[in-house]
Every structure is written in C-alpha cells, then in structure tokens.
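Trainee: Sequence:
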Amino acid sequence: MTSPEFIRAVANRYASQLQLCYPLTSASFSLAKTIHSHMVTSGFHPAGHIRNRLIDVYSKSSRIVYARHLFDKIHEPDIVSRTTLVSAYSSSGDIKTARKMFEETPFSIRDTVFYNAMITGYSRNEDGHACIELFRRMLREDFRPDDFTFTTVLGGLALVVNRGMQCKQFHCVVLKSGAGFVTSVLNALVSVYVNCGSVFEARKLFDEIKEKDELSWTTMVTGYVKNDELDAARELVDGTSEKLGVAWNAMISGYVHRGRYEEALDMFRKMYFMGIKMDEFAYTSIISCCAHAALFRLGKQVHCYVLRTEAKPTPGFSLPVNNALVTLYWKCDKVDWARRIFDNMPVKDLVSWNAILSGYVNAGRFDEGRLFFRKMPERNRLTWTVMISGLAQNGFGEEGLKLFNQMKSEGFQPCDYAFAGAITSCAMLGALETGRQLHAQLVRLGLDSSLSAGNALITMYARCGVVEAANVLFLTMPCVDSVSWNAMIAALGQHGHGIQALELFEQMLGAGISPDRITFLTILSACSHAGLVKEGQYYFNSMHRLYGITPGEDHYVRLVDLLCRAGKFLEAKDVISSMPFEPGAAVWEALLAGCRTHGNVDLGTQAAERLIELMPQHDGSYVLLSNMYATAGRWNDAANARKLMRDRGVRKEPGCSWVEVENKVHVFLVDDTVHPEVQAIYNYLNKLVPEMRRLGYVPDTKFVLQDIESDHKERVLSAHSEKLAVAFALLKLPSGATVRVFKNLRICGDCHNAFKFMSKVVGREIIVRDAKRFHHFRDCECSCGDYW
DNA sequence: CTAGGGTTAG
1 MTSPEFIRAV ANRYASQLQL CYPLTSASFS LAKTIHSHMV TSGFHPAGHI RNRLIDVYSK
61 SSRIVYARHL FDKIHEPDIV SRTTLVSAYS SSGDIKTARK MFEETPFSIR DTVFYNAMIT
121 GYSRNEDGHA CIELFRRMLR EDFRPDDFTF TTVLGGLALV VNRGMQCKQF HCVVLKSGAG
181 FVTSVLNALV SVYVNCGSVF EARKLFDEIK EKDELSWTTM VTGYVKNDEL DAARELVDGT
241 SEKLGVAWNA MISGYVHRGR YEEALDMFRK MYFMGIKMDE FAYTSIISCC AHAALFRLGK
301 QVHCYVLRTE AKPTPGFSLP VNNALVTLYW KCDKVDWARR IFDNMPVKDL VSWNAILSGY
361 VNAGRFDEGR LFFRKMPERN RLTWTVMISG LAQNGFGEEG LKLFNQMKSE GFQPCDYAFA
421 GAITSCAMLG ALETGRQLHA QLVRLGLDSS LSAGNALITM YARCGVVEAA NVLFLTMPCV
481 DSVSWNAMIA ALGQHGHGIQ ALELFEQMLG AGISPDRITF LTILSACSHA GLVKEGQYYF
541 NSMHRLYGIT PGEDHYVRLV DLLCRAGKFL EAKDVISSMP FEPGAAVWEA LLAGCRTHGN
601 VDLGTQAAER LIELMPQHDG SYVLLSNMYA TAGRWNDAAN ARKLMRDRGV RKEPGCSWVE
661 VENKVHVFLV DDTVHPEVQA IYNYLNKLVP EMRRLGYVPD TKFVLQDIES DHKERVLSAH
721 SEKLAVAFAL LKLPSGATVR VFKNLRICGD CHNAFKFMSK VVGREIIVRD AKRFHHFRDC
781 ECSCGDYW
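Be aware that the first sequence starts at 1, since it is given in this note's numbering, and climbs by one per residue.
Just so you know, these hints were derived from the structure itself, not from any lab. Glycine included, every Cβ here is placed at the ideal spot set by N, Cα and C. Be aware that a few hints might be false.
[What the hints assert, rightly or not] Calculated cross-link-like contacts (lysine-lysine; reagent style DSS-like; alpha-carbon spacing at most 27 Å):
(1) LYS210 to LYS176
(2) LYS60 to LYS277
(3) LYS568 to LYS534
(4) LYS375 to LYS348
(5) LYS212 to LYS176
(6) LYS60 to LYS348
(7) LYS226 to LYS243
(8) LYS277 to LYS212
(9) LYS168 to LYS226
(10) LYS334 to LYS300
(11) LYS331 to LYS375
(12) LYS348 to LYS300
(13) LYS33 to LYS60
(14) LYS210 to LYS226
[To be verified] With beta-carbon atoms standing in for the labels, derived distance ranges:
(15) GLU214 to GLU468: 58 to 64 Å
(16) LEU307 to ARG370: 31 to 37 Å
(17) GLN301 to GLY364: 27 to 33 Å
(18) ARG269 to THR183: 46 to 52 Å
(19) THR34 to PRO106: 33 to 39 Å
(20) ASP266 to SER577: 45 to 51 Å
(21) LEU445 to GLN301: 41 to 47 Å
(22) GLN301 to LYS168: 46 to 52 Å
(23) ALA9 to GLY93: 40 to 46 Å
(24) GLN301 to THR97: 23 to 29 Å
Can you make the complete structure from the sequences, with help from the hints?
Mentor: Given below as structure tokens:
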C-alpha cells in the first residue's frame, strides 16, 4: 500500500498540482492551501522540494505566517527554504527578521543565491549602502558573485550614487569579473549611470550592448525621460520597431509632467493603433493628462473604454487609475462624482485622500474639506499645502497662516507651494511683516527662485503698499510666467499707476506672452482706478478682435464700473444693453455704485430695482441704495432703504474693523447693534465738523456728517465704522503717528473720501487695508489711485 | 530560492 513507488507517485501528483499555482495570481494562495490540507488529511507529509514549493507560494502571496509555520517544522532547513523566507521577510519590509535568519544560517550551506536574496532585500528597502556593504562581505567570505549579484548590487548602487566616480569604479569591477557581456548586468549599469545624471555615459554603454533586450531599450528611454531629455527619448523610441510598452508609458507621463499634453495624447493614440498593449499605467497617465489639460470629454471616454475592456471582477481598477479618475472628475466640477469613485475604492492611499481633499477645497466646499482633513488616516506635505493654498485663495487668510504654522510644528518642511499659500494669506490680511519674514525664510531655504512663491510675493507686496518691492522682485525673478506679469500689472494698477500698467502690458506682449482673461480683468481695473476711460474701452474692444478672448460677465462688469466712475452713464447703459447675455447682479451693482458716487438717483433707482430683484437677501444691495440717496441728500429715502432691508429680515453682514495704534488694537464690530464706543466717536466727529467747515472743505462726505446729525444716525454709524475707527484712533493719537486701519470688506467710495479728508485735516498718514487692496492716504492723496 | 524598466494627489 505505502510502497516507495506509490509514495513517489503521490508526491509527483502533488508537485504537478502545485505547479498550477504559477504564475502567481491572487488565487494561488487558496489553491496552495487546498492542496496542502489535502496532503495533511491524507497523511502525506510535505517534505523537500514539495514543502519548499508551498513555502514559496505562501511567501509570495504575503502569507509569511503560513510559510514560517511550515519552515519551523523542518528539522534542518535547507538553503532553498531559507532563501525563500529571507526574501519573503525582506519584501514585506521586515528587514530585521530577514537579517536575523540570514545570520543564523551556517556558512557551510550558504551559496551565492542566498547572498543575492539578502542583497535584494536591502535593495527593495532602498538601503543602497547596506547592499554594497553586503556585497563586499560576500567577496571577503569568498563567495563568487554572479549576474544576479551584479544586477542587484547595481540596483542598490543606483539608489545612493551621486557622483559619476562611483559608477566608473563599479563599471571596472564588473568588467574585471567578466560579467561585462551579460545584458542584464549592463542594463543595470546603464540604469546606474542614468540615476546619477550621466545620460551621456549611459548612452555610450547602451550603444555597446551587443544583444539588447526589451529592458535595455526601456532603461535607456526612461533614463532620458528621468533626465528631462524627452526629445532624445522620443528619437530612440521612434528609431526601433520594438513594442516598448513600458517605455511608451514613461514617455507619456514625461510629456504630461512637462505640460506637453498634445504629444502625450498623440503617443497614446499611436499606441492604440500600433497594437501596443495598454495597461493601467498607460490609462493612469492619460487620464491624468486629460485632467491637467482640461480635456474632460476625452477623459470620460477613456474611463468608459477602460470600464468596457478592462473591468476586473473584484478589485476594480488599480489604485492609481482610480486616483487619477478622482482628480479628473473634480477638475470638471463634478466633485460629487469624484466622491462616489473615492467611496467605492476598495483600497485607498494617501494620494486618494489628497485628491479628494483638493477636490473639495478647490470647489470652495471648505466645511467638507475640513472634515476630510480631520478624518485623514495620515497626512503629508501635500495635504497641508492643499489646505493652506486653498484657504488662502478663498479668503481664509488667518486660518491659512495658522495651518502653515501648525504644519511646521508637526515637523513638515513647507515647500514653495505652501509658502505661496502662506504669503497669499498675508496679502489678504495686509500682514506685511509676516510676509517679509516668509520671504526671508524662502531665501534662507533657497526656495526664492520658485515661480509660485515669487508670484505670491509680488501680490503680497503690492497689496501691502510696497509696489517698489513687488517691482524689484518681478525684475529679479529667474523666470516669470503670465501669472507674474498679471500680478505686476495689477500691482501698478492698484496703486494708481494706470499708464505704467498699460506700458507693462505692452512689454508683456513684446515678450511674446499671450494675455489671458485675467490679464484683461487687471487691465480694465487699472484703467478704472486711474480714470483712463478711452484706454479701457480700447482694450476691452481689442480682447476678442486681437486675442480671441470672449469677454465674460466679469469683463463687462469692469467696463461698466470704468464708465460709471467717470460718470459716463449713457455709454454704460449702451454697454449693458449690448451685452450678449442677461446682465447679472454684478453688472447692476457696478452701475448702482457709480450712481451712488455721482448721485445719479434716476438711473440708480432702476439699477437697484434689478439688483434687489436678483439678490433680495444681499445686504449690499440696500446699503448701496441708501448711500446713493444719502449722497443726493434725500435722507428720508435713505432711511427708507434701510427700513426696507430690516423689514425683509436682511441683516447687514456683520463685519469687523480694527484700528492698530502703537501696537494697540481697537476692534469695532459692525452689525445692526450700536457699539458702545460709538458715542465717543460721535462726540469727536462733532468737534471735527466745524474744523472741516472752517477749512472750506466741501466733501463728498458731507452726508457722513449729516448722517450723524440725522435721526438715523445710529444705523448709519454702524455702517460707517471705518471712518469712525480712524476718527477714534486720531482722537487718542500722539501727533505724527501713523494710523493703520484694517477692514475685511471692500472699502467703499464714502470711506475713501472720508479718509482723504481726514488725512488732510489732521495732517497725518493713514494706511488702510481692505479685502482687495492697500490705501495709503497722505495729505488727501491716495496711493491706490482710485478716483471717485 | 535571487535581479532589472513605467503609474496617481497641488
């Protein structure tokens, strides 16, 4: 019954059954387990070759516990089982246990393969030094390295090389050992040269390889891509008929990273028509390409194609494909679709979390974004950067700065993008000192050549009133893009240098940079602040004719603003009626603001009607209307507008103004309740009135004072807290001191005039920040150039 | 029993 022949026959059957586990798939483990338990129940003891097979399958299916269990039952484990286990431990990241098992193995049974396995372990765990050290020890202990050894050690070397010298030394060792003709070794050597940036040497070696295999080609092509020589890589790819799927994938992702989306797509198409196998790597890159290039329709087509052709049973798409899809969908404003993909992913990693977080932050959905941020199982530098720059760009300056500091205290070194976010926060808050400190830190870290940080700095300096610093930065930045030009043009425009802004725009054209829609928004604002009506109209008309940019509603709003500020209401009306779309609230608001400034009640009332119709719950609609009546001296109408607002249950948006005097900060809350300090301010302004009159100042601001004298003074006071804040500060100031006023809402024409007036009357500088820009009043002049 | 190339987030 249990004759040796019979046992041998059974063993052979098990051996051939186990062979079915190869090549390894996700099903291999359960198959091996079934065969294994069959052996146990039928009383067959797996030993020798069969036992080692089982250990191997268990190890490679990441079931080390099973493998170890079998291993421990062996009385004297042979070198093959030991090699398998060393390899299993190191590939699971447990390099310590691997090393322990390595050291416990007696010298007498060790062989080259055993050393190779341990060296590979270090290579997989990215410890190049340990690879080389073990290689040296292997030589000392008289084991002969083979092709595998060289290939692996070279792989480890590639991790740590930073000079060509080391490459050359190893090159010599390889040649001396006689392995210089083995393609796999030469491939690894090429890869080492590539990794230390010696592409030229790599290419020389590559050309010397007699029998180039697919890997030789791939290594060389990807080597060019890694060293940013995409054209050389392409030349190599085009020069061979080999179907180098991996190399094509590397090239596509290289093109995507460099922003060469057209070429990436072109290769993808060629790949399809040439019948090169497309895998998840290709899909991932091309979906990411579509997301970056805003080719959403194509992206969705690829998604469908992948669904149709590659749908796998359980795990769905691979992790990176899903991650790229999440990005694709939020970029085309489908955050909820992105969320659905995210939720359905069987496995998520940090990249997935960062992708969905960016989606929410970029869509301005901060409540959900914050929730995600808190829930994340782990965070990295990018996570923080996404939050910081998102918060900054959406007006949460304080929170952005807080997060920036938190990021540092949690041990993350901020990258230039994070700095850009923090600097943008400073720009919003008018925190010039903090901004300067950040600039200094950038220089210390050697990050000051960064484009994004530089652009943020230009805006920060400009918004904080230091145009000169912005200009110096713009001129000294190592490279600039259209964002930099836009920022600098805006900087000049915001400070009333309308003509210089236009000159810079012309320079930009001369430098071959094409303007975008932001450029024209900036130009129109610059003209508006400086009263350059003709120029503004000219550029508005040229944007479609010369640059093919169709004006959006935001451009029309600025044109209306430009005309209205100059009192050209007929033209403004013409513009509104000639608009290709229904004018929205912003257009009417601009018109109303102009009417307020010029006291054009007839047109203003019409504008206000439309505005209130469109935004009945928007406090600004009523405040503008009431201020317009006030400007025209129609106090009852002004009061009625306020009453209408209250009757409709609209609260004036609570804001907050604060005054900083000699390190002391006074805060004024602005809402429908009257601040207790108001009475003191009121008294002071009453003292100021005769002084104003005595100086013969007949200000546009007269209504401010009349407001206060009117029956509605309390409500009006709360609406004009900025003026009051300044007055209050001046009241308590030692003479000659500078006053800073910060306001988190946009400064209005009334406030502007009031500050002008105050600076003249009291002979002091007044610095005001609002959400949009910086005002520096001195002797009635305002640095922002706004003319009202 | 051991090795080598490509993927995703601002």
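Trainee: Take the hints in turn and mark each one as holding or not.
Mentor: Now for the hints, and whether the structure bears them out:
no. : hint                         : in the structure
1   : LYS210 to LYS176             : holds (18 Å)
2   : LYS60 to LYS277              : holds (26 Å)
3   : LYS568 to LYS534             : holds (11 Å)
4   : LYS375 to LYS348             : holds (13 Å)
5   : LYS212 to LYS176             : holds (21 Å)
6   : LYS60 to LYS348              : holds (22 Å)
7   : LYS226 to LYS243             : holds (20 Å)
8   : LYS277 to LYS212             : holds (21 Å)
9   : LYS168 to LYS226             : holds (20 Å)
10  : LYS334 to LYS300             : holds (12 Å)
11  : LYS331 to LYS375             : holds (22 Å)
12  : LYS348 to LYS300             : holds (21 Å)
13  : LYS33 to LYS60               : holds (13 Å)
14  : LYS210 to LYS226             : holds (24 Å)
15  : GLU214 to GLU468: 58 to 64 Å : holds (59 Å)
16  : LEU307 to ARG370: 31 to 37 Å : holds (33 Å)
17  : GLN301 to GLY364: 27 to 33 Å : holds (28 Å)
18  : ARG269 to THR183: 46 to 52 Å : violated (32 Å)
19  : THR34 to PRO106: 33 to 39 Å  : holds (35 Å)
20  : ASP266 to SER577: 45 to 51 Å : holds (46 Å)
21  : LEU445 to GLN301: 41 to 47 Å : holds (43 Å)
22  : GLN301 to LYS168: 46 to 52 Å : holds (49 Å)
23  : ALA9 to GLY93: 40 to 46 Å    : holds (41 Å)
24  : GLN301 to THR97: 23 to 29 Å  : violated (48 Å)
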